[in-house]
Amino acid sequence: MQTENRLSAFLSWKKGTANGTITDFEGNYTLTVPEGSTLQFSYIGYKATEMPVSNQSSINLTMREDSEMLDEVVVTALGIKRSEKALSYNVQEVKSDAITTNKDVNFVNALSGKVAGVNINSSSSGVGGVSRVVMRGTKSIMQSSNALYVIDGVPMFTGRTKAGSSSDNASQETEFGSRGSTEAIADINPEDIESISVLTGAAAAALYGSDAANGAIVITTKKGQAGKLSVTVSSNTEFTSPFVMPKFQNRYGTGINGKYSTSGEKSWGARLTGSNYYGYNPRDDYFQTGIIGTESVSLSTGTDKNQTYASAAAVNSRGIVPNNKYNRYNFTVRNTTSFLNDKMKLDIGASYILQNDRNMINQGISGNPLVGAYLFPRGNDWEDIKMYERYDPARKTYTQYWPIGSASMQMQNPYWVNYRNLRENKKDRYMLNAGLSYQILDWLSVSGRVRLDNSTNDYTEKFYASTDDELTEGSSRGLYNIERTQDKQLYADFLININKTFGTDWSLQANVGGSFSDVREDIIKVRGPIADGSDKFAGEPVGLTNWFNIQNLSSTTDRTQVGYREQTQSLFASAEIGYKSTYYLTLTGRNDWPSQLAGPNSTSKSFFYPSVGASVLLSELMPNLNKDYLSYLKIRGSWASVGTPFQRYIANPRYEWDGNRWNVQTQYPVYNLKPERTESFEVGLTMRFLKNFNLDVTYYNAKTKNQTFDPQLTASGYSSIYIQTGAVRNQGIELALNYQNTWNKFTWDTGFTYSMNRNKILTLADNAVNPATGEQFSLDQLDMGGLGDARFLLREGGTMGDLYSRIDLRRDDNGQIYVDQNGNITTATIEDPKDYIKLGSVLPKGNLAWRNNFSWNNFNLGFMISARLGGIVFSRTQAILDNFGVSETTAAARDLGYMNINNGDRITPENWYGTVAAGNAVPQYYTYSATNVRLQEVSFGYSSQERCFATFATSASRS
Amino acid sequence: MKRYILNTLMCGILATGSFSCTEKYLDINSNPYEPGSLTADDYALGTAMSGLASAVVSDDVNTAQFTDCLLGGTCGGYFADAKSTWTETISNFNPVDGWTNVFLASDRVLPVLYANLEQVKIVSQNTGDPVPYAIALIIKVAAMSRVTDAYGPIPYTQIGVDGKITVPYDSQEKVYDTFFTELDEAITTLTDNKDAALTASADYVYSGNVQQWIKFANSLKLRLAMRISYANPTKAKEMAESAVTQEFSVIESNEDNAAWHYFGAVTNPLYTAVTYNTHDSRVAADIICYMNGYNDNRRSSYFKAAENAWDSNELCGIRRGCLLDAVGTEKLQRYTDINISASDAIQWMNAAEVAFLRAEGAAVFGFNMGGTAKDFYEQGIRLSFEQWGAGGADAYLNDGTSIPTSYTDPAEGLYSYDSNLSNITVKWDEGATTEEKQERIITQKWIANWMLGNEAWADYRRTGYPRLMPVPTDGNKSGGVVDSNRGARRMPYPASQNTDNFENVQYARDNYLNGPDNMGTDVWWACKQQN
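Just so you know, the protein sequences line up as chains Z and S, in that order.
With this note's numbering, letter number 337 in the first sequence gets 337, and the count goes up by one each step, no holes.
With this note's numbering, letter number 458 in the second sequence gets 458, and the count goes up by one each step, no holes.
FYI, nobody ran anything at the bench for these hints, they're computed from the structure.
Just so you know, these numbers come straight off a predicted model, no measurement behind them.
Honestly, I wouldn't trust all of these hints.
[As the list claims (entries may be wrong)] Only pairs whose alpha carbons sit at most 25 Å apart, straight line, appear in this in silico PhoX-like list of lysine-lysine:
{"id": "1", "chain 1": "Z", "residue 1": "691", "chain 2": "Z", "residue 2": "95"}
{"id": "2", "chain 1": "Z", "residue 1": "605", "chain 2": "Z", "residue 2": "500"}
{"id": "3", "chain 1": "Z", "residue 1": "247", "chain 2": "Z", "residue 2": "386"}
{"id": "4", "chain 1": "Z", "residue 1": "222", "chain 2": "Z", "residue 2": "488"}
{"id": "5", "chain 1": "S", "residue 1": "24", "chain 2": "Z", "residue 2": "488"}
{"id": "6", "chain 1": "S", "residue 1": "24", "chain 2": "Z", "residue 2": "834"}
{"id": "7", "chain 1": "S", "residue 1": "24", "chain 2": "Z", "residue 2": "605"}
{"id": "8", "chain 1": "Z", "residue 1": "85", "chain 2": "Z", "residue 2": "500"}
{"id": "9", "chain 1": "Z", "residue 1": "845", "chain 2": "Z", "residue 2": "705"}
{"id": "10", "chain 1": "Z", "residue 1": "674", "chain 2": "S", "residue 2": "24"}
{"id": "11", "chain 1": "Z", "residue 1": "305", "chain 2": "Z", "residue 2": "81"}
{"id": "12", "chain 1": "Z", "residue 1": "95", "chain 2": "Z", "residue 2": "222"}
[Stated by the list, open to error] Covered, in the sense of this in silico footprint (three residues per stretch, anywhere, with C-beta under 8 Å from a C-beta of chain Z), are these stretches of chain S:
{"id": "13", "stretch": "63-76"}
{"id": "14", "stretch": "183-191"}
{"id": "15", "stretch": "389-397"}
In this text, a Cβ means the ideal position worked out from N, Cα and C, and glycines have one as well.
All chains, please: the whole structure from these sequences, using the hints.
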């Protein structure tokens, strides 16, 4: 492709000499050379061009981008760069613009819709919150299906938590806790990212062995560039506001049964009149406009021998909920030096991150200000509670003002929650990395890398005096929690690289290496109430009100220390054999020795993970191909057998703390712990046609077996027993179609992605063996928990996302809803699981996105539309809003005066919603289609580029 | 640090070459914050005994609140729910599964019980000392009798050592037979070792005193015998008489009361359950009507006026089963509070109850209880007054005229109950009918068993006494399943049993349960002929 821009270029007037000049900003140059010399023009990223000089007075030339270098090298696992045509699996690359044009503080969210096969769910925690990234479907029953993040070849392990548990308690965490949080990957400054390779399939990630099953997001960060000093300053301000909200009502006031009242938590009172109408609306009266300000500066400079990149960025944001903030400061320095005639390269880097946030809120009830903001009774005056604290002369301090009540949900004044129930994080994180490579022969090199990633996070909770006493553990003087988490990760590897051609037809690219990773986390938590002299704290001195430190806490304070450590040592190798640049065969293998296997009776020490793949460039086999119609056609196929990370400690269980004492039973130790193994294959096609089109299609099929879970088996003397059985299959299609064309100064760049995944549980436990008793057993169903009476039930033949209702309205013999003589309806538990009502699967059937960029001169316009097809959601929120009478649906029903059931029976809206929306809610009445189409991104910009060029004192030479 | 990095790096490179560095893996894969052994200073036995005790009334707030406040407390007529937003409650007969499944499905009850039972068994086997396991068996029966009384048929004899309930059910009769066998086994073993003692720190009930454990076991046996007095009178008589004639007999003084003295640094869970959160539970109208009527001096120990009481001189409870949202938060906070301290022990069984059991056995069923019904009845009242530090027991005993008051709801009379609750007086009347004697005994037993809600609920279902207020008409949301006058008769099986153990639970429904699996069906021992 030609470039119209005039660029500065190095010139040297005789090959091999150091004499030369560089052009000015316009590309003009002046040079006096002897006749007969050869001028060499060079510029980074462009093909060097030579031009013999006769006695012309001017030489003009147009340089071409070095497309081979830019287009065809792809960063794969372990940071190994490979030729795109040799790849036997789907790798999708995302350039930095794609994530910096419409920035998200957690850049992962900006990938949404830009790659096929990836499902990104951002959390409700707001700016910087944790995102769930699942590639090619949910694979594991108990383990996380979240993708692996890799930075410059080095995996970054985020806290691995169980994805679910069959016990009721675990599932209720989703309902009651509301602590939002950020994650390690969200600390990355998007400006530091050069490019991202998304390895959706197991084969692509196979070199990560026991971490590869969920795919990987491989991030390459920026390095200094030789030849120029460039400084990029960017400033970005975003405004956020609630977009789609529940529909609220404000015409029926406080009370129940249609009666006027000024007290109570519900809004089932009388219709309001002009004189007592307040018109409260959470969107306008409670939410605020969120602001995210991002300032960043980066500097790149260097010579051919030594390049430096440095950046600093600050993100300051306030959320849409009052007093929610997220701030992050990133500092990064990276230096790349070449020694020994460029044979040795040293790459060192350091990053320091300071991050703090306040009041990140997830879903859940406890401590969530939205409970009060949404349910605020409509016959009350919001202005009255805006002054959320009032001076209490008796206590000589401010106390909460909230005349409404707790609604059994610890509902408080939302502003009190915002300003007086502070939940804050402060994180210090530094990362140091060094890489050394040495080119021993032109076909042989060795490299080694070390990366250290340490962070300390202090999470504190400060609940001020007069906070709901269930939250303060009974104290009227406040509660304090400090939780200090230290994370340490050390990773090192070495790699021997062979890159050799044999004759004209054969090529070999091979890597052999080993790696070491050590991850540890230690948490110290002290959480307790401030003694207030009440009976609960009898026998101990009172503490000072609203003074938040450990020595001020009661003796009933919880003191907890938890943590873990994991280490993995690995050996791996890969080989890519090419024939005539047309046929490629790739083999990889990795052997992992993970510490999680170690136990007093363990029988296994390590596992091997192989992959094999092949690709053929059909376009090379068609010599008479008209390149205007079809320029490139590749077919590929691959197979891999990889793992999901092992659960730690189940091979060596110890005695757990149950809150008040050490539990006397441990889990049954798993003697023969196996990896949850995903065996997958994929086939695909890459095609460039009609000059401007680019198509990539992949079909994949992945089966994950040895699912590790606790099926509640009998095990003598042990609290629980894990078994490894069962298999889940995911198969689907990933498709990406891109088109780019330029007409004069106008460019249109568009891309369409589509992915579909079908998830199926092949077996749960089919004649599996109870390791403790040796008995065989089978399971046809596993309850994975859920919310109230909406349960995730895993059944053979079903999907991992199947949601069932185990409750219904009581019905008569004709299947009609039973209405008693008082006009009441009641719920009934469904006894036979075969009769449970299937609500649907929460998994999407397909995702598609259509991205467009138009540019004309320096103006550009972009937008992206994305759609999710299929799947359901169950909304307890809507049920609670209905139960409290603040939803528009309940107001509309009251306007009408009755609800129609059984094709003609009428019951009152109070009776209806008082049954279907109360308690756990009857899920089938609160299940909705999750299909949606959204305008995900719009951008409009004008870019002006001011370039600064440094003049080098010594001229550079190129040979 | 540098050295560490260097070392680990070297180790990493070496390891991948020679595999020599995985030796430390067992250390790495040992949770640094969890012990690998609990044997020092008999910690394992102590913690196992505490774990066992927690299966009776859990030290976990949520568990104890469901079992003893929201279920036992309300059904027994002691407590009333007091949260205006609770619209689906046991008292309204429309609870969600999470409220009713706790006894059977909570991981804080059966799994804890059985896990610790197994540990104690291992300790007993290893040390050749049968005492700890015998005590553990008594606690097992104390805990499991509460479970079967709530549901009727339960999985019991086939539960493995892990406490998993995905096994076949037993009829309630079989469960009770097993209880007696287990108690007899424990009593025999402990009597054989009557001079032995357990480490005091391992026993927060009797500080290791074996003879007190025997008295408790006999008393528990007597309680369970009286429970089946209508269902199997022969067995009841045999068990009741053998309990009182056993060498150490039953609990006769308050010093021998069975209670879990575990609280102080750990807060009594019932305290937390009834005091947090602007008080989820308050005193029920029923017991205050009785005690006000009798001018009972124990009231100041049982109750305390709300901060914002309707009338600071007047105790006033909440009508159980009222529509809480109709009353509203503000008013609910004005009803009388439960008086409990954060460091109070959790009561399992007291001497007064035992005296009343003997009184009923003698007066109603003609069992040989080793004394007269009158003596036991009066002894029960005196013991209870003594236990609660109340004076005036003699005057109380001789009051032959006072009867319970009717109920006037201070909330604009919304849930008043104008009828006479009962005409029963305190003073013993030897010439009264058997039925009246039973009512008198059970009524006083109910007052003495304050806060032992599940026990009171069982007596109410078995005998029909004390006479409690019916659930108000608008508060019965069972759709006709539960009779407002008789109250909840049992709890439905946990929904998780359908998912995890369907064949077995269905078999129990079809073969052991005398009606549909809902709150309106009577359990096996609740079979007294309606008068």
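- Item | Violations among the numbered hints | 2, 6, 13, 14 and 15
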